[in-house]
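Q: Chain F is fixed; fit chain W onto it per the hints.
If you're matching them up, the sequences are chains F and W in order.
Going by the numbering used here, the first sequence opens with residue 15, and the numbers climb by one from there.
Going by the numbering used here, the second sequence opens with residue 15, and the numbers climb by one from there.
Take these hints with a grain of salt, some might be off.
Put simply, identical chains are the same to the list, so a pair is met inside one copy or across any two.
25 Å max Cα-Cα, derived SDA-like pairs, lysine to any residue [unchecked claim]:
{"#": "1", "residue 1": "Lys232", "residue 2": "Ala190"}
{"#": "2", "residue 1": "Lys42", "residue 2": "Ala452"}
{"#": "3", "residue 1": "Lys177", "residue 2": "Lys232"}
{"#": "4", "residue 1": "Lys177", "residue 2": "Val201"}
{"#": "5", "residue 1": "Lys232", "residue 2": "Gly198"}
{"#": "6", "residue 1": "Lys209", "residue 2": "Lys232"}
{"#": "7", "residue 1": "Lys42", "residue 2": "Asp237"}
{"#": "8", "residue 1": "Lys177", "residue 2": "Gly198"}
{"#": "9", "residue 1": "Lys177", "residue 2": "Arg195"}
{"#": "10", "residue 1": "Lys352", "residue 2": "Ser342"}
{"#": "11", "residue 1": "Lys421", "residue 2": "Met404"}
{"#": "12", "residue 1": "Lys232", "residue 2": "Gln327"}
{"#": "13", "residue 1": "Lys352", "residue 2": "Glu126"}
{"#": "14", "residue 1": "Lys300", "residue 2": "Glu90"}
{"#": "15", "residue 1": "Lys232", "residue 2": "Gln193"}
{"#": "16", "residue 1": "Lys177", "residue 2": "Glu146"}
{"#": "17", "residue 1": "Lys232", "residue 2": "Gln181"}
{"#": "18", "residue 1": "Lys232", "residue 2": "Val197"}
{"#": "19", "residue 1": "Lys177", "residue 2": "Ala202"}
{"#": "20", "residue 1": "Lys232", "residue 2": "Pro187"}
Derived from the structure by calculation, the hints contain no laboratory data.
What follows is each chain in one-letter form.
2 protein chains.
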Amino acid sequence: MTALSSWDLMAGPAGTRPVLSGRPRNAKVLILGAGISGLALGYELSRLGYDFHVLEARDRVGGLVWTVHGGTTHTEIGGEHQQCTWDEGLWLNAGAWRIPYTHTGVLNYCKELGVPLEIFVNEADASYFYREGADAGSLANTRVRLGEVKADIVGQVNELLVKAIDQHSLDLPLTAEDQERLVGFLVAQGYLDRKDRRYRAFADRGPGDPYQLSALLKAGFGDRLRSISPRDGITTAPMFHPVGGMEQIPKAFARAIGPSRITFNAEVHSVRQDDHAATVAYRDTKTGRTRTLTADYVVVCLPLSIVAGLDCQLSAEMMAAVRATTYSNSAKAGLGMKRRFWEEDDQIFGGHLYSNLPIGEFSYPSTGYFSRKGVLLGFYLHSGPAVTLMDRPIGERVEHVLTHSSKVHPQMRREFESAYCVWWRKVEYSRGGFANAAPLARRAQLSKFENRLLIGSAATAPHSEPDWQEGAIAAAWQALTSLHEHAMRS
Amino acid sequence: MTALSSWDLMAGPAGTRPVLSGRPRNAKVLILGAGISGLALGYELSRLGYDFHVLEARDRVGGLVWTVHGGTTHTEIGGEHQQCTWDEGLWLNAGAWRIPYTHTGVLNYCKELGVPLEIFVNEADASYFYREGADAGSLANTRVRLGEVKADIVGQVNELLVKAIDQHSLDLPLTAEDQERLVGFLVAQGYLDRKDRRYRAFADRGPGDPYQLSALLKAGFGDRLRSISPRDGITTAPMFHPVGGMEQIPKAFARAIGPSRITFNAEVHSVRQDDHAATVAYRDTKTGRTRTLTADYVVVCLPLSIVAGLDCQLSAEMMAAVRATTYSNSAKAGLGMKRRFWEEDDQIFGGHLYSNLPIGEFSYPSTGYFSRKGVLLGFYLHSGPAVTLMDRPIGERVEHVLTHSSKVHPQMRREFESAYCVWWRKVEYSRGGFANAAPLARRAQLSKFENRLLIGSAATAPHSEPDWQEGAIAAAWQALTSLHEHAMRS
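Pulled out of the complex, with its shape left as it was, chain F reads as follows:
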């Protein structure tokens, strides 16, 4: 146990890590669910010296933080069984997959628990834009690299501006000397010809003539360009991910908590409470036997989509808030490839394809550069085909991904080895992806203590959105503070 540093106390999106003290007399705690919120809560309780135990329905920790690799299996609800056959060292983060540098809640735990992180490349200039349909104008169905878009837009805009400055047609609030510096900057930044200050093809841009400014804007390719990256959300830079997959985070929590604190294959069926205790009944899915455990407090860190189906002694208001909470239809397909052709043939190292193809986010691995094989994220969506393909055979979903991604990468089918599909709505014990952000009033309701029961799922996150690990940690911290206050009063 280490002292909290200034880093811990820095408020990130998840707020500030609670600084608590004291150990309550009667405070045996049961945590339901070993996802990030349950694990973070358990870890903090262990630091405070609580007597606690975690029940987890699966045979692994992490919940939505799930790294698929060779040997991974699951059977879709009412559907197919899959077994992953990728070589050792290859993996796909089927759930959480990237951490903005501002998410100091989860990053601090990585630091404290010794989880090595590497850069998640969230933008690569070599990656392609690709737009189908007449709306995209003359660049429809054309691969254009992000770097070409940047070079051609900035180059042509700077050429326009330099011309205007030269013709004194601008009302510039600058001295002559400053104007000269501005022109020098525009020429250098935009790779304009030093003599005639025009923009033309240049070696660092790669082969081919520049695309017309109007065509690039019409195609919408300029929409991604910003002077700087935002501090939060999916376009933040830098981002990080654990070496070896996101599962390293829940695994590190579990190691720190200790194996005796977690019971796996424990499918919770009911949560009851009275003046003396709370009682949880669960089925051991290995033996089929039902068991009960009692505790002073139960913190429910399960997806609310699961809680909605439990026999749970919560108020009608609470259960209404639970049932009103919706979860995403997130779906991912990982494609194991024989050869990292995107690196070898296209010089793409991490980053994403920017397309309007019905495959959503298509991403290149930010790990294992220059190794032989690799896993592409071939499909990541929360709607559209994530829903329409949900009940189609796995083979058909993979075919969909290969068909569309081949429009950009003709090498796809030749290099394809095997796929693994995770449609979260059909994953048992999840039955959905991340919680959709709820109105604050509902979150306030969900975070209320009801006698001996408290909800600590990511959906209750007060500061942070529930669709990031940071949200799960915010929820855990809120539950921790609430629980500790309650227990210290009792």
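A: This is chain W only, laid out in the frame that chain F set:
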């Protein structure tokens, strides 16, 4: 031994990897020096089935590719002894430290030899500019982040341009619809206010008011901004470096060649040749005994600054070319820090400080993010203080680095643990840094076969500059082709 892929055959800066066949009858080869050129040559000879051996004066492979870590020691020529005391897992690449993605020669070997690579962050928006002196204008002695520079320059330039478009003072070759798209792009890219289209402070930029465009340009901070990164040189992106330090590359070569092929502590004194054989005399620095080895060919892969002092049976023209080749005064200081304050306090993850302080390149580690300690590159120069501090005590050099870097990072002295200095001019068996690029005529002279002797040092590199590992590989490939042709004819 694997077949060459399309990747191997792609011409990078080092040219194309030679595709050779056949095994000469009499071709015992001695390679002098186990730096990258000697190792790459040895590796290729082993693939061709040659009988060869490598002599190396040090007790390690790699030459200029040297990773300093806890336990590393060296004694400067005529100077001080150092022993590195950093914790396990901390290191500094004292020589080669970054590989542009276009350097397919060295990257292909990493792939073939299984050397894991990670991203070398060559530009981080959170890093600071800092300029001393009146030339920098009103921003002298002020820390300004690269991201602030980008946001403020692009924002103010876009505001100017939008105003001009609105006032129809530009002669735009665009339709009204295209103009509207252009304005939309400029507003979004520059984070302009959506209503009045003015540039103001905004949340993603961080706290504080924008800096004046004229002040930023005057300070020269705009000089680093380019629409895209170049494909070669020190501002390329992306770049890579091996996980665990650059030494992983020479170590992997050495493993592939096999330990029996390399003799360490073998300080070469003379290279003689006649019609029958070449003979190398060397001193075993452990025993002090002199030994000789004979071979059909000797390939000299030592720095030419070392060759200049050998009794080497080469022509007067060749020795003149050898002696005319100069080497850099490269010097680096690594600072072991107790706390990664640049990450915790400043949110800087990799990248460099852009300053005119007399410490040259000051860089943040692109590895071990969010771990506890870290090693800063506190000083990297080839001239100025790299020369004037050369004969000063180590402590004085470290004091110089701490004094100047503290102007930007006041935490330096408090968090400093211990330093390690590598002034290459004073490193035995190197006596200089990288070879300075020579005129092509001299390189042509250096690459000539002289009976049984051939030079394969990086300084002879034909396509690529000798100041990168890629140059050493280009030199090795050139020597390989030349040697094999020669041997097959004999």
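Q: Each hint: holds or not?
A: Going down the list of hints, with the structure as the test:
{"no.": "1", "hint": "Lys232 <-> Ala190", "result": "between (36 Å within a copy, 12 Å between copies)"}
{"no.": "2", "hint": "Lys42 <-> Ala452", "result": "neither (31 Å within a copy, 75 Å between copies)"}
{"no.": "3", "hint": "Lys177 <-> Lys232", "result": "both (23 Å within a copy, 21 Å between copies)"}
{"no.": "4", "hint": "Lys177 <-> Val201", "result": "both (11 Å within a copy, 21 Å between copies)"}
{"no.": "5", "hint": "Lys232 <-> Gly198", "result": "between (29 Å within a copy, 11 Å between copies)"}
{"no.": "6", "hint": "Lys209 <-> Lys232", "result": "between (30 Å within a copy, 22 Å between copies)"}
{"no.": "7", "hint": "Lys42 <-> Asp237", "result": "neither (53 Å within a copy, 62 Å between copies)"}
{"no.": "8", "hint": "Lys177 <-> Gly198", "result": "both (13 Å within a copy, 21 Å between copies)"}
{"no.": "9", "hint": "Lys177 <-> Arg195", "result": "both (15 Å within a copy, 20 Å between copies)"}
{"no.": "10", "hint": "Lys352 <-> Ser342", "result": "neither (32 Å within a copy, 43 Å between copies)"}
{"no.": "11", "hint": "Lys421 <-> Met404", "result": "within (23 Å within a copy, 58 Å between copies)"}
{"no.": "12", "hint": "Lys232 <-> Gln327", "result": "neither (57 Å within a copy, 68 Å between copies)"}
{"no.": "13", "hint": "Lys352 <-> Glu126", "result": "between (37 Å within a copy, 15 Å between copies)"}
{"no.": "14", "hint": "Lys300 <-> Glu90", "result": "within (18 Å within a copy, 66 Å between copies)"}
{"no.": "15", "hint": "Lys232 <-> Gln193", "result": "between (31 Å within a copy, 11 Å between copies)"}
{"no.": "16", "hint": "Lys177 <-> Glu146", "result": "neither (35 Å within a copy, 34 Å between copies)"}
{"no.": "17", "hint": "Lys232 <-> Gln181", "result": "between (28 Å within a copy, 23 Å between copies)"}
{"no.": "18", "hint": "Lys232 <-> Val197", "result": "between (27 Å within a copy, 12 Å between copies)"}
{"no.": "19", "hint": "Lys177 <-> Ala202", "result": "both (15 Å within a copy, 23 Å between copies)"}
{"no.": "20", "hint": "Lys232 <-> Pro187", "result": "between (32 Å within a copy, 15 Å between copies)"}
Hints 2, 7, 10, 12 and 16, counting from the list given before, are not met by this structure.
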